[in-house]
Amino acid sequence: MLRAVSVIGPRNEPLFFRRFLNGEPGGAEDAPDLRYHFMCHSALDVLEERKRGNQKALDMFQGLLCPMEEYLVYAYLTNTQLKVLAILEDAEITVEESVLALMRAVHTAIQRHVMNPFSRLGEPITSPRFAADVARAVATYNDHDAEGAASAAYVAIGEANLNAGYDDDTFL
Amino acid sequence: MAGERAVAESVFELLMFEAFRVAREAPGGDGGEDGASAEARRMEVKGRIEAMGFDVGYRKVERSATEKLLGRHPLELIKFICKDLWLALFQKQADRLQTNHRGMFVLNDGNFTWLKRLGHRTDEKSVAMAEHILDFACGILRGALTNLGLSTAVYAEIKELPGVSFTVKVK
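In order, the protein sequences belong to chains A and B.
With the working numbering, letter number 22 in the first sequence gets 22, and the count goes up by one each step, no holes.
With the working numbering, letter number 161 in the second sequence gets 161, and the count goes up by one each step, no holes.
Treat the hints with caution; some may be incorrect.
Pairs of lysine-lysine residues, derived as BS3-like cross-links and limited to a Cα-Cα distance of at most 27 Å, are as follows [to be verified]:
(1) A:Lys83 - B:Lys83
(2) B:Lys116 - A:Lys83
(3) B:Lys169 - A:Lys51
(4) A:Lys51 - B:Lys46
Honestly, the hints are just simulated from the structure, not real lab data.
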């Protein structure tokens, strides 16, 4: 389950942040928001360390940065020094391709926003269209996530049946 | 490619020339007749056009630099400009890149697309137009490099129409 998406600028300034509660953009309580902000900052520190360490990591998708309490933080870096962070709930199965697809979709939304000559460069993104693009990407991710988890669960049950000696037509 | 929209080159050129005209004729300062004010006015127009270019380059690179993560070294970023950005803007790659490995780069284009309409004319209007075109192009390069993380000064020289040489100094 995706919990939050954040876009951060070249000087680590926040450009966009949205919490998602069960796939919908989240409510107004401050305290949970602060936790996510804190996680983003810590994630950025990890990213800095990685950058300093390994100059050869030439992929935009940085993958899983770090697990934090019960969440996972994924990062994506662009050539224009923008960072996209996604905060996911730690689940048994996380399909990285889906996270990558989400990151790419957010990147495309960013490009679209920047290519608009009326958008203000270097300022937080307030475009409703951008927010809608991100919401759509998140919805797509959550759908795949649910499917993935469900089908993985079926496979697991099937295997458990086989191992226990039942043939795989038996329902548990 | 499906979904990609295209505009006729001539339409783009007309728009660009019109943008220059607006930059020239927009009200600003007190344009007197003596040399000093005329020079100040010229610099103002130049600044406006370069600023337009900066905005275009800054935004364009966001869209262009999306294939793979480029290294942080200036040389790699400039190579990207010479190949991918040049292709996107001028439908060809730059012809030659020279560097002194100390922050100075010279990008040569022997057949600069945007100058081809001017032929080999040397009348005042054509010279002024060429200058506008180059100021705009320098702005684009500076904007693109800025968004890629490099602070630079860019200027251009006509080598032999329609050849141009762009010098980039990394700050």
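Proposed proximity, A:Lys83 with B:Lys116 (alpha carbon, max 27 Å): violated, 40 Å
27 Å Cα cutoff - pair A:Lys51, B:Lys46: Not OK: A:Lys51 and B:Lys46 at ~39 Å, beyond 27 Å, violated.
Restraint check for B:Lys169 with A:Lys51, where alpha carbons must lie at most 27 Å apart: Since the Cα atoms of B:Lys169 and A:Lys51 sit roughly 25 Å apart, the hinted pair holds (cutoff 27 Å).
Agreement of A:Lys83 and B:Lys83 with the hint, judged by alpha carbon distance not exceeding 27 Å: Status holds; Cα separation ~25 Å.
Hint compliance for this structure: hints 2 and 4 are not met, and every other hint is.
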